[in-house]
Amino acid sequence: MTLAPHAFARAAAATALALVMTLALALALVLTLALAGTGKARAQTVLTIYSATDTSAVTELIARFEANHPSVRINYVEYNTSELYEAIASESHAVDVVISSAMDLQAKLVNSGDAYAFQPPNVGVLPEWAQWRGELYGFTWEPVVMVYNKKAFADRPLPHTRSELAGMIRDDPDFFRGRVGTYDIHLSGVGYLFATQDAQRGYQFSRVAESFGRARARTFCCTRDVLDRVASGELVYGYNMIGSYTLGVARKDERIGYYLLDDYTLVMSRTAFIPENAPNKRAAVSFVNFLLSPQGQAAIATSPEMIPLLPEATVASGHSGVPGTEGRSLLPIRLGTGLLTYLDRLKKEAFLADWSAAMQVDSASQ
Amino acid sequence: MTLPPPLIEARTVPYSLRRRLTVGMVAGFLAILVVLSIGLWTYARNAANQTYDLLLAGSAIAILERISPTPDGLIVDIPSSALEIVGLAKEDRVFYRIFRLGGSTLTGDPDLPLPPGGVRAGDQPRFFDAPFSREGSRFVLQGKLIIEPTGPDWIMLQLGHTRLARDAMQMDLFSKGLAGLVAIAVLGLVFMRLGINRAMAPLAGIEADIRGREPSDMTPLDAKPPREVEGLIGAINDFMGRLVTSKEHAQSFIADVAHQMRTSLAALQGQLQLAAEQDEPERMRQRLERASEQATRTIRLTNQLLSHAMVTHRGIDEPVEKIDLMPLIRASVEEFLRHPETEGIDIAVLHDDLPAGSALLVADPVALREALRNLLDNAARHGPKDIRIDIGLSRTRIDEREALCISLDDSGPGIPAAEREKVLERFYSLNRAGGGSGIGLSIVNAVARSHGGRLALCDSRLGGLRVELDLPVDGPA
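Chain order of the listed sequences is R and V. Quick note, my numbering runs 322 ahead of the 1-based positions in the first sequence. Going by my numbering, the residue at position 32 of the second sequence is 12; the numbering climbs one at a time, nothing skipped.
If you're looking for bench data, these hints aren't it; they were derived computationally from the structure. Do not rely on the hints blindly, as some may be mistaken.
Stated by the list, open to error - Part of the chain R face toward chain V, derived, beta carbon under 8 Å:
hint : residue
1    : N433
2    : G435
3    : Q522
C-beta: ideal position from N, C-alpha, C; glycine also.
Given only the sequences and the hints, what does the whole structure look like? Please build it.
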């Protein structure tokens, strides 16, 4: 009998515990089901984008796309242009969209027959030079610019042609020695593209290369490295920088100046294509269509590091684009088989060898 | 109630000349189109290939020019224009490789397919198609002899691109050419159809003419038919002419018959009236005998008229059976001799030159029997009581056709040569008083004609008339 209250209390406690546990289990089950359900509805498709563009430059673009397409989540993987080419050419990656500024490498991938053809709704308004085979589409418009340290050039004239640049370096070797920067075309796909395009424009480029060699010009993998050093004054002049990126940095950094040369200005376009073996072709097509659409172009206009392909979007965005492009001889780099020439193995070896010989680059110059 | 099925329409679905011509022409045009299309397709392919082969050839020249030996080794410096020239076929992908004839690839894609038959040294461009890539590709292969420190060596350039531009051009040439061909074919068919309609128009006019006529209107068609149907119109007009003649014959026959019957019956009535007016029994009896004779003549006339009508009618149905004349003649003679008034008549049937069972011919036995009966009847009626009749059967010919001749010789009074034509006509009798109706010989004549044979009258060796009835063995022509 003395056990009775104990026994009662224990029984009551056991009952309460069982009740609580049952409730907890039920709750857990409901939550699990609910979460599973919403999770499924929220991200049915993961769109894998391999890109040679800084993630920071495309954050807004991706956010707007995902807002328009709630069922698609974007997996954005950043590469440099050469690595990106190797990764795609190996065909071992399941990629939905390939984006790169190295137009020649993109053209080579498309030429190998690995791209999927489709027609964006507004294909008619896209410039002809920025599309190829209905597979490769350019979506930005980025002039190649020269940058300089404003303080260093405060009391000097800027060179306005490549001949003037070569002449200036020759005439004042002390000022320029070790203080001119450009791409290392061995490492940078887009640097190699610019250099080979320059080489096709005439003899001035070989004079520039020779003068770079004499001035012990330094080469870098990326635009940012050059811009940082120009800002700090370690470099005074940067040759062949991507205009959009430079523009974004120069807006925030008073020390950096940029301008276009008078003889000609190359215009590059970032290009996108969908591999033939892309797992999510529909989502990929809608992404590329978005890039080329007025909304996508407007989103690109907000990026500090890109300029949209369609000039209306630039105007609508309130940005002025690249100042000083009016009246310049702008030479857009044309997508097509012509870009394959300098990717020929022997041609590339010879070009790099000539470049290296002219630059007399040694590894310490990095 | 169920309607009887439309047998006639189901049995005779007429074919359409217009449809036959149209179907024939469409089939012809289709066959021509197919043949021309194959030719056009080949032509378009060759034209497209020749056009774009020039791009390949031009680029190949530009590239080969930039392959040169140096003391440091071979330099291959592909000019950027070269791939751009090939790239003028804007949508096409470009492939190339440069290799030594020995095999090692110097630059470019080492996996490109070689031409069928392998690589041969030579500086002439060689073009070939290969199923490389999903669009299909066309390549040029061209060599250049390089003198290197180690000796001469052939450096081969293989340059190609996908076939998109070529196929598009081929399709463009083909479809435009085909559109022209189809347009010509359609126009041709339309004109042909119009032509057929125009050619058929006279037929419709003739049809309308015939349909629109009164039943009695038998005048010839006044259509101006094209040469091709002139014969048909001529035949129709001939046929209508025969119909008119036939109708006229029938009308005159009916008129004759009516006249004869009326005359005969009027005579009979006259005799009876005369008999009725006689008070004397003897004269009345004489009159009645005359009336009886007149009645007999009338009956005979009626029978013969019916017989004539029957023979004429039967002549429409062509005989198809072969019959033996001998038993037919015998049966007719026996039947004739069965009548009491033929007592004393002597009939002989002579057929020495025809063995029994060989007098076969295609003929209508009923009509022949009627003809024989009339011939025997004629001889008996117009001759003496003891007249002698010889019936002969022999072979003869009618216009190269084999025929049999039935001849009757009698010892009667005969027919003067001048009258022989006339007695063949209806109702012409030399001896009306003797009960001649003038129909007997015309029945025989009708039988002869309906069998494609002929009837001849001449003098008999027995002193009277000889009748020869020639009938072709294989029936009327």
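To see whether the hints hold, each was checked on the structure:
1. Interface hint at N433(R): satisfied, since its Cβ lies 5 Å from the closest Cβ of chain V, which is below the 8 Å cut-off.
2. Using the Cβ-Cβ criterion of 8 Å, the hint placing G435(R) at the interface with chain V is satisfied: the shortest such distance is roughly 5 Å.
3. Given hint, Q522(R) at the interface with chain V, holds; its Cβ is 6 Å from that chain's nearest Cβ, closer than 8 Å.
When each numbered hint is compared with the structure, no violation occurs for any of them.
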